[in-house]
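With chain A's structure known, arrange chain B on it following the hints.
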Amino acid sequence: MRTFGSPEFLFIVYALRWTLTLTVIAFIGGGIMGIVLALLRIARSRVLRAVTTFYMQVIQGLPLLVLLFLCYYAPSLVGLEIAALTAAAVALTINSSAFLGAIWESALRAIPKAQWESADALALTPYKTLRFVIAPQAIRLALPSTVGFLVQIIKQTSLASIIGFIEITRAGQLVSNATFEPLKAFLSVAALYFAVCFPLTQLSLWLERRTARGGART
Amino acid sequence: MSVVVAKNIHKSFGALQVLKGVSLTVEGGEVVALIGRSGSGKSTFLRCLNGLETIDAGEIEVAGHRMSSKPAELRKLRRDVGIVFQSYNLFPHLTAGENIMLAPVQVKGLSRKAARDEAQRCLSLVGLGDRFDAYPDMLSGGQQQRVAIARSLAMQPQVLLFDEVTSALDPELTGEVLAVIESLARDGMTMLLVTHEMGFARRVANRTIFMKDGVIHEEGPSAEFFSAPKTPELQAFLRSEVG
Numbered sequence: 001m002r003t004f005g006s007p008e009f010l011f012i013v014y015a016l017r018w019t020l021t022l023t024v025i026a027f028i029g030g031g032i033m034g035i036v037l038a039l040l041r042i043a044r045s046r047v048l049r050a051v052t053t054f055y056m057q058v059i060q061g062l063p064l065l066v067l068l069f070l071c072y073y074a075p076s077l078v079g080l081e082i083a084a085l086t087a088a089a090v091a092l093t094i095n096s097s098a099f100l101g102a103i104w105e106s107a108l109r110a111i112p113k114a115q116w117e118s119a120d121a122l123a124l125t126p127y128k129t130l131r132f133v134i135a136p137q138a139i140r141l142a143l144p145s146t147v148g149f150l151v152q153i154i155k156q157t158s159l160a161s162i163i164g165f166i167e168i169t170r171a172g173q174l175v176s177n178a179t180f181e182p183l184k185a186f187l188s189v190a191a192l193y194f195a196v197c198f199p200l201t202q203l204s205l206w207l208e209r210r211t212a213r214g215g216a217r218t
Numbered sequence: 219m220s221v222v223v224a225k226n227i228h229k230s231f232g233a234l235q236v237l238k239g240v241s242l243t244v245e246g247g248e249v250v251a252l253i254g255r256s257g258s259g260k261s262t263f264l265r266c267l268n269g270l271e272t273i274d275a276g277e278i279e280v281a282g283h284r285m286s287s288k289p290a291e292l293r294k295l296r297r298d299v300g301i302v303f304q305s306y307n308l309f310p311h312l313t314a315g316e317n318i319m320l321a322p323v324q325v326k327g328l329s330r331k332a333a334r335d336e337a338q339r340c341l342s343l344v345g346l347g348d349r350f351d352a353y354p355d356m357l358s359g360g361q362q363q364r365v366a367i368a369r370s371l372a373m374q375p376q377v378l379l380f381d382e383v384t385s386a387l388d389p390e391l392t393g394e395v396l397a398v399i400e401s402l403a404r405d406g407m408t409m410l411l412v413t414h415e416m417g418f419a420r421r422v423a424n425r426t427i428f429m430k431d432g433v434i435h436e437e438g439p440s441a442e443f444f445s446a447p448k449t450p451e452l453q454a455f456l457r458s459e460v461g
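Residue numbers (the numbering used here), protein chains in the order written: chain A, 1 to 218; chain B, 219 to 461.
Derived from the structure by calculation, the hints contain no laboratory data. Wrong hints could be hidden among the right ones.
Distance condition first, Cα-Cα at most 27 Å in a straight line; then the derived DSSO-like pairs of lysine-lysine [said to hold, decoys possible]:
1) K288(B) - K113(A)
2) K430(B) - K238(B)
3) K430(B) - K225(B)
4) K294(B) - K430(B)
5) K331(B) - K113(A)
6) K448(B) - K430(B)
7) K128(A) - K294(B)
8) K326(B) - K288(B)
9) K128(A) - K288(B)
10) K294(B) - K113(A)
11) K128(A) - K448(B)
12) K326(B) - K294(B)
13) K326(B) - K128(A)
14) K288(B) - K238(B)
As the structure is a computational prediction, the values presented were derived from the model and not from experiment.
The shape of chain A in the complex, shown without the other chains (with noise of 0.2 Å):
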């Protein structure tokens, strides 16, 4: 039997790296769908709302662990195989799509109509007003919980664990059942996603309070 030593401590440590991957991934998937979404929901066209909010409600009314069954199985239906990574890549895509598009979506209304109103009177086009008046504000309000949302995904990634993805919960529970020894094992995991989160959860609150002080200024 093997005990908990160095070895084992990095091989934790080097499943960060898929742990980071799959949080980068969806993050950047989940956020450019995630714009969309809220440029769809604030767009004057009813059918855009009625699909986005039903996406929207679906999506948010879903656990992730079975969103991330359904990304894993659904495809050997048709007879596909598909990588783990692959189906935590969608299913975390898909849930954070939703919530950041959620938050984007409130951040654009909440920047007063009367901004709207005077770049359209200066002849500003719809992209340009978006582009320098509305988003710079938009952004500065939605960025404390746009990265308070990322310290729930890096999180989120545990779970693809499940489908036997090799992240550090997963790398955890593997060392955890070699050694026998599940409390360094997971102390260990613990330390990592405490590491990793603990940043990001300051900027998170720094973002806050400089949001809170400075008003809309750059």
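This is chain B only, laid out in the frame that chain A set:
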């Protein structure tokens, strides 16, 4: 040449009829004041002139552009029509100078250098030549409103619309904004102003219009309009405004 021609404008918000056939022509260099109680339709009428409100019936031509529902056509019209709002509506994330530069660079395609010079010139014109780098929240209400005027001026509009621009200001700050508008009048700027400042309208406007219940109830050259109002409604209104 007529800068503003509005014919028989109708506008409703739901069941509420706000404008019931308003016609108005403003010549180049003319200053026209619009007065009336709140709800008389004067602000709505002003906002129709640059398409911030769509009209239900009637015709509008401003600075040679016919009012259009096509976005590109509407933007052409808006390039030549400035509007200043009651609540300033400066962009809070941009400095005074950047607020003014934005449209000349992004709409007219001016170089940043040229836009900067123009912004500086316009800021000096409203007496804020030294506040180029100040953010709106560092400025008083009166200063913010003067930046808003400078922002409109930088587009070199053919007509400026003022929508109760001093209503949100303390009395001591009102004066500095009115002084700027008065100097623009002296320079021959065509202006249409919705205002509650009767003394100012009388002094600066060539013509004053009294709106009531969505129509022009009485109008005339400011001097006569204020000294010898004809209709009992205007007489009552002027009495209540003077206090």
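To see whether the hints hold, each was checked on the structure:
| no. | hint | in the structure |
| --- | --- | --- |
| 1 | K288(B) - K113(A) | 21 Å, holds |
| 2 | K430(B) - K238(B) | 10 Å, holds |
| 3 | K430(B) - K225(B) | 17 Å, holds |
| 4 | K294(B) - K430(B) | 31 Å, violated |
| 5 | K331(B) - K113(A) | 31 Å, violated |
| 6 | K448(B) - K430(B) | 14 Å, holds |
| 7 | K128(A) - K294(B) | 15 Å, holds |
| 8 | K326(B) - K288(B) | 19 Å, holds |
| 9 | K128(A) - K288(B) | 17 Å, holds |
| 10 | K294(B) - K113(A) | 22 Å, holds |
| 11 | K128(A) - K448(B) | 49 Å, violated |
| 12 | K326(B) - K294(B) | 10 Å, holds |
| 13 | K326(B) - K128(A) | 13 Å, holds |
| 14 | K288(B) - K238(B) | 24 Å, holds |
Hints 4, 5 and 11 from the earlier list are contradicted by this structure; the remaining hints agree with it.
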